[in-house]
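Asks: Heads up: the protein sequence lines correspond to chains A and B, in order.
Take 1 as the starting number for the first sequence in our numbering and just add one per residue.
Take 1 as the starting number for the second sequence in our numbering and just add one per residue.
Quick caveat, the hints were computed from the structure, so don't treat them as lab data.
Some clues are possibly wrong.
[Unchecked claim] With a cut-off of at most 27 Å between alpha-carbon atoms, the simulated DSSO-like pairs for lysine-lysine come out as follows:
(1) A:K42 <-> A:K69
(2) A:K529 <-> B:K52
(3) A:K560 <-> A:K433
(4) A:K8 <-> A:K383
(5) A:K383 <-> A:K465
(6) A:K42 <-> B:K52
[Stated by the list, open to error] A short, non-exhaustive set of chain A residues, derived as facing chain B with CB atoms under 10 Å:
(7) D286
(8) L287
(9) M311
(10) A319
(11) R528
(12) A533
(13) R538
(14) F542
Yeah, the Cβ is synthetic: ideal placement off N, Cα and C, and Gly gets one too.
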Amino acid sequence: MAFDPIIKPEDVRASASLTKEIRAKFTWDDARAMLDGLPGGKLNIAHEALDRHVAAGQGDAPAMTWLGKDGTRRDLSYGDLTGQTARFANVLRAHGLAVGDRLFGLMGREVDLYVAALGTLKAELTFSPLFSAFGPDPIRTRMEIGGANALITTASIYTRKIAAWRHELPSLKLVLIVGDAAPEGCVALGPAMAAASDMFAPVPMDPEDAALIHFTSGTTGRPKGAVHVHGAVAYHVMTGRYALEMRAGTRYWCTADPGWVTGTSYGIIAPLANRVHMLVDEAEFDLDRWYGTLQAERIEVWYTAPTAIRMMMRAGEYAAAPYDVSSLRFLASVGEPLNPEAVVWGNRVFGRPFHDNWWRTETGGIVIANTQGMDIKPGSMGKPLPGQVAGIVERGDAGLRELGQGQVGELALRPGWPSMMRAYLHEEARYAKCFVDGWYLTGDLAMRDADGYFWFVGRADDLIKTSGHLIGPFEVESALIEHEAVAEAGVIGLPDETAGEVVRAYVSLNPGFEPSDDLEKSIRGLARKRLGAAVAPREVLFRKTLPKTRSGKIMRRLLKARALGLPEGDISTLESDES
Amino acid sequence: MTDPEIRAAFLAALSDVAPDIDPATVGGGDHIQDDLELDSMDVLNLVATLHKALGVDIPEADYPQIATLDLAARYLARRLAS
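Construct the complete structure from the given sequences, taking the supplied hints into account.
Replies: Rendered as structure tokens:
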């Protein structure tokens, strides 16, 4: 191994929440015992996150410190958030929304987004967060699949990305606009909240009732809406404690946006349900702002992402030198595998290593993790958390075969943990395909070493992970062929030092169009308008034809192998080649 | 380089990285991320494109100084002069 293990000092090991004793006797009932619940075996995520702390006399305890882009600062207590979310629930009721209705969130990290998420759950609606930097196409697709009944957004986003097609989505009854004024046909949130009561008891839900829909990309076809339930909160509380060292009052900063699952599970639910004091920064990554925030807010637990860590590395260690970050006691990373250099760099600069962990939208929470009590093998995702059974498997004609240590295969999990998805919305067949012989197949290739540590090897499919965002090539290709010049498109991810991968597109042109720099920019420009910067390709390459199978499928795998100068593998299905 | 030349070079680099933006509509105070919707990878690509075009190496800590056209014009002029 190129990197030596990082051995934890005895005092750090002793401070860990997750001990060998807990691991040895853990059952899911232990996780459920971390909740208060509601009478009759019911519960509500919003009750666990907010109201129960107020009931326990902690209404004045700090819940959230919010830093605005413009330097504004807001401090909200558990009592404040409980009252605000009650107002929001009452606003939904006043507009006739009730159980089973779905509210979508589409805005930056403003306080109202956090209030809306929990207020929605309080009022027994389902909440579905969308990434606000998405272009109109991904937004519309997801709201159509989800049958959106309500939306909370900003006037600017509404005007630019929604207004043009809003009336083509008949299910959409209510559009809430943050602030005091709203475009025609929308409701301004400010006055509506002011007029609403700040009392609303969270509706008792069955643990299996739907709470959240997180959209995730597929290799083929439309995005999938992974459905998560109220009972998932047991897993969020437990993993917040064991994998992220959250305790009541912990000063915690999750840098993920709630438009993605990390920003909801560990940017809203897990921290509040553990009664931590969380920091929310509205601004995007900025080197000095981030170091300054770690210092000024005396952050103890910091959950961030590889792209941000690598940007800090690019700036060099001296950039960190002026800042006192000694308050940090636990650092974690997720989104894509964290390269070993970054783990070691963190240990040198912050005096603590980054603890990489692995999970995905479908799992709802952290599954495999490097925890505080473990020595770190830089580059490894760690070991399964208590209750989780992970295996490395190989698909064959006779079903799945479990592989031994050191062998590379698909990472698979035994289903049954509380935050596992319960369905892909309207897509039973796609959901059923994820499960074989009692295993949930993750689509990631991995290896388990002799000490039980898991190592990410690659993806088993064509999905692209860029800056922590999972991107389906099909969705990008679909937008590209809407350009009048583009006949066919194939989209792949190429390795990138900072982003993990970047999106590259290959296109063939319709008759009458010739490759040129202007055309490349025009195609890329259209893709950015429709998809948003995070999803659109960073480069477009012209080809006369694209490599295809007999059935006409573009062989992305082959495009990628050639781009990387790797062996082409099995090309027996290749019918017409690239030119 | 004159101020108009620097501004033109900045806008050319911007539209290379983000061809969805019409340079003619970019206001001097528009924030490249908040208003023009560049993401952090775009910002890195913008820095690389500016480096190629103007030969100015922009360290990470200075990124806030190219956040708008007006800021960038001042910053790049200073860097080109030194």
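Asks: M311 (chain A) was flagged as interface toward chain B. Is the shortest Cβ-Cβ separation under 10 Å?
Replies: At 7 Å from the nearest chain B Cβ, M311 (chain A) passes the 10 Å test, so the hint holds.
Asks: Given L287 (chain A) as an interface hint, is the shortest Cβ-Cβ distance to chain B below 10 Å?
Replies: OK, holds: L287 (chain A) within 10 Å of chain B, min 5 Å.
Asks: Sort out whether K69 (chain A) lies within 27 Å of K42 (chain A), counting only the CA atoms.
Replies: Status violated; Cα separation ~39 Å.
Asks: Does K42 (chain A) pair with K52 (chain B) here, judged by a C-alpha cut-off of 27 Å?
Replies: violated, 61 Å
Asks: Regarding the hint that A533 (chain A) lies at the interface with chain B, is the smallest CB-CB distance below 10 Å?
Replies: holds, 4 Å
Asks: Holds or violated: are the alpha carbons of K8 (chain A) and K383 (chain A) at most 27 Å from each other?
Replies: holds, 16 Å
Asks: Given the hinted pair K560 (chain A) and K433 (chain A), is their Cα-Cα distance within 27 Å?
Replies: Distance ~26 Å between K560 (chain A) and K433 (chain A) Cα, so the pair holds.
Asks: Holds or violated: the hint that A319 (chain A) contacts chain B, with Cβ atoms closer than 10 Å.
Replies: holds, 6 Å
Asks: Quick check on the hint: D286 (chain A) CB to chain B CB, less than 10 Å?
Replies: For D286 (chain A), the interface hint holds, since the closest Cβ of chain B sits about 6 Å away, which is under 10 Å.
Asks: Given the hint that K383 (chain A) pairs with K465 (chain A), does the C-alpha gap stay at or below 27 Å?
Replies: holds, 22 Å
Asks: Next pair to validate is K529 (chain A) with K52 (chain B); report whether the Cα-Cα distance is within 27 Å.
Replies: holds, 26 Å
Asks: Return the status of the interface hint for R538 (chain A): holds when the least beta-carbon distance to chain B is below 10 Å, violated otherwise.
Replies: holds, 7 Å
When held up to the earlier numbered hints, the structure conflicts with 1, 6, 14 and fits the remainder.
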